[in-house]
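Engineer: Given next are the chains, with one letter for each unit.
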Amino acid sequence: MDKLLEVSDLSMQFGGLRAVDQVAFEVGSKQIVAVIGPNGAGKTTLFNCISGFYSPTGGRVEMAGEEITGRPSHKIARKGLVRTFQNIRLFKSMTVIENLMVAQHTRVNSRLLSGLFKSRNYRRREQEALERAHYWLERVGLLEFANREAGNLAYGQQRRLEIARCMVLEPKLLLLDEPAAGLNPKETSELDQLILGLREENNLSILLIEHDMKLVMGISDHIVVLDQGMPIAAGTPDEIRSNERVIKAYLGES
Amino acid sequence: MNFLRVKLVDATLAALLTALLSIPILGTHIISEPGYIGLEWDGWKVFIAVALVFSVRLFQEQLRPLARVTHLMPDMAPALRFTQNRRLVMMLLLFVALIWPFFSSRGNVDIATLALIYIMMGLGLNIVVGFAGLLDLGYVAFYAVGAYSYALLSQYFGVSFWLALPLSGLFAASFGFILGFPVLRLRGDYLAIVTLGFGEIIRLVLNNWDSLTGGPDGIGSIAKPTLFGLEFSRQAGAGGIPFHEFMGIEYSGMYKVIFLYLLALALVVFALFVINRLIRMPVGRAWEALREDEIACRSLGLNPTNIKLSAFTLGATFAGFAGCFFAARQGFINPESFTFIESAIVLAIVVLGGMGSQVGVILAAIAMTVLPEIAREFDQFRMLIFGGVMVLMMIWRPEGLLPTKRPVMEMPHG
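So the sequence lines, in the order shown, correspond to chains A and P.
Yeah, the first sequence ends on 254 if you go by the working numbering, and it's all consecutive.
Yeah, the second sequence ends on 414 if you go by the working numbering, and it's all consecutive.
Hints are supplied without guarantee of correctness; some may be wrong.
Chain A stretches covered by chain P per the calculated footprint, using a threshold of three residues with CB under 8 Å from any CB of chain P [claimed, not checked]:
| id | stretch |
| --- | --- |
| 1 | 5 to 18 |
| 2 | 88 to 98 |
Residues on chain A that point at chain P, a partial pick, calculated with CB under 8 Å [as the list claims (entries may be wrong)]:
| id | residue |
| --- | --- |
| 3 | 33 |
| 4 | 39 |
| 5 | 83 |
| 6 | 101 |
| 7 | 113 |
| 8 | 147 |
| 9 | 217 |
Computed, partial: chain P to chain A, Cβ under 10 Å [said to hold, decoys possible]:
| id | residue |
| --- | --- |
| 10 | 45 |
| 11 | 46 |
| 12 | 102 |
| 13 | 104 |
| 14 | 106 |
| 15 | 107 |
| 16 | 187 |
| 17 | 241 |
| 18 | 272 |
| 19 | 274 |
| 20 | 282 |
| 21 | 289 |
| 22 | 299 |
| 23 | 406 |
Since the hints were derived computationally from the structure, they do not count as laboratory data.
Glycine residues also receive a C-beta, built at the ideal position from the N, C-alpha and C atoms.
Here chain A stands alone, though its shape is the one from the complex:
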């Protein structure tokens, strides 16, 4: 199995605080890796370091063999590493379809003159973008809301739209930051199916942060557990479930 993402000794220091401390793991192609841990363990900070929103103070991040440590976030996104956010970040006053069109900015013809004169290439690329948006809206079940303002969607729909907005970029690796937060059990199991579908049909690798253990244990191939910035365990769901340190720090006795 080839490595898609390789994180080695990644550290992030804020003043005297080590938010992420020597974290290392790999994500192979078509693999689902989960990062779990108590609140404040540094999971989102880790995501921010990988996706370029923070510049890590130590360690390396490699994407398909190429180092991307500390590159600007938009450049990393163009490499095929796209993320969602814990607190959904949609373009709220734009419509659902516009959200998906904006996301394809790097794929459409954004040259001024081509657009002003509606060149053939421009029209074709716009049409392709629209079709891709159509496909993904259908996939996440939001087609009927295409022209609705994104901010007016229900919470669960906004979550799915955020994933669709990443998917129109056809990324290689998707980072999901608590995708199930605020979803009801039915929506969570739909999300479960969606994530597995993305892996199977779109050859996507997924790195996710999640607190919903049923979801995490159900879909992950590999789990990394963080506590106070430090990796305390890593392994398959079964190994994690029975790991003493993890139970003590996070899962709790049951």
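Using the hints provided, position chain P relative to the given structure of chain A.
Structural biologist: Below, chain P without anything else, positioned relative to chain A:
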């Protein structure tokens, strides 16, 4: 009753504040007779103002239902809502705009031309503030750059209006670009302050660089625009032909006024067309997305700096065009025409019109230029009325006259 007492105290305080403010403004008259200048006390206006504020404040709750009616104000232009009708209405409006100056007075056409200049600037600033969400308080700087570009090119190199027009746009755009580089990493208030400073710097440079710009004396006798080489003066310059001779008609000063008006109209129609395309293009969508959430933009691979720069540069271009036209129309410019108040007016137009709404900007620009002309008698109260209207707008239509409508996209079948 305690409640009533609170309300009475509140109303009295408001009334006192009104009295304090209105006594110097409304209560005194300056009398100047030969050999004597003094103040005359005239209390009834103050009394009316105080009484009005007191009673409105006291009966606020009871008055509110009345105000609600305005909230339900019907759409300002329901016909514009439908795309099929929209084109027709636009064509009709354009036709009227083309025809009416021929039946109107010189003064009216002059005011309309001024309104068109402000529409042009409003549309340009709308890109920056309304779409990209970058608060620019120094927009007048680009207007000044456009105006001085033409004035200087005309004075030193004898460049004609038609050549100077794109050049002015280009110069203004490059200033936007140069300014944009360092400042666009700033956000919100900080950006506003830096742009404000930039506006002042440009004006001060123009004011003090005597050897180039003539300083406060400005630049005079700037060549007027021509129509395919035909001039609109009574006697043509060397080698030129006046318009009326060419057409074989009597000379009239009105031709020039109408020509300038139509020229401005053409520029505005051009700007409308271009901006309308722009906002539906990827770059326009990116502007709006940037206004909504910069972090999300970055996570999707959009480069915020480039997008901001494009908004700033394109916005500045239209101010450059407007400035060039302004210089050509006035024939004389000095730094006085490019003070902060111009930026404020254009910004007010954008806000009043409904951030991001083109028709709104046009209506607001017309209101902001035409109303003060109609209400000449109330000249001294202009700023008062201006402020009042702004406050009322914020209460009743905080989203502006015509809030933006989201474009509806036709979904492909398949």
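Engineer: Could you run down the list of hints and mark each one as holding or not?
Structural biologist: How the hints compare with the structure:
1. 5 to 18: violated (count 0)
2. 88 to 98: holds (count 9)
3. 33: Nearest chain P Cβ about 19 Å off; hint violated.
4. 39: violated (21 Å)
5. 83: Holds, because the Cβ-Cβ distance from residue 83 of chain A to chain P comes to roughly 5 Å (cut-off 8 Å).
6. 101: holds (6 Å)
7. 113: violated (10 Å)
8. 147: Where the cut-off is 8 Å and the nearest Cβ of chain P is about 5 Å from residue 147 of chain A, the hint holds.
9. 217: violated (28 Å)
10. 45: violated (44 Å)
11. 46: violated (45 Å)
12. 102: At about 32 Å, which exceeds the 10 Å cut-off, the nearest Cβ of chain A leaves the hint on residue 102 of chain P violated.
13. 104: violated (34 Å)
14. 106: Violated, about 36 Å.
15. 107: violated (37 Å)
16. 187: violated (16 Å)
17. 241: Check failed: Cβ of residue 241 of chain P comes no nearer than 35 Å to chain A, outside 10 Å.
18. 272: violated (13 Å)
19. 274: holds (7 Å)
20. 282: holds (4 Å)
21. 289: Hint on residue 289 of chain P: holds, closest Cβ of chain A at ~4 Å, below 10 Å.
22. 299: holds (5 Å)
23. 406: holds (5 Å)
Violated hints, listed in ascending order, are 1, 3, 4, 7, 9, 10, 11, 12, 13, 14, 15, 16, 17 and 18; each of the other numbered hints is respected by the structure.
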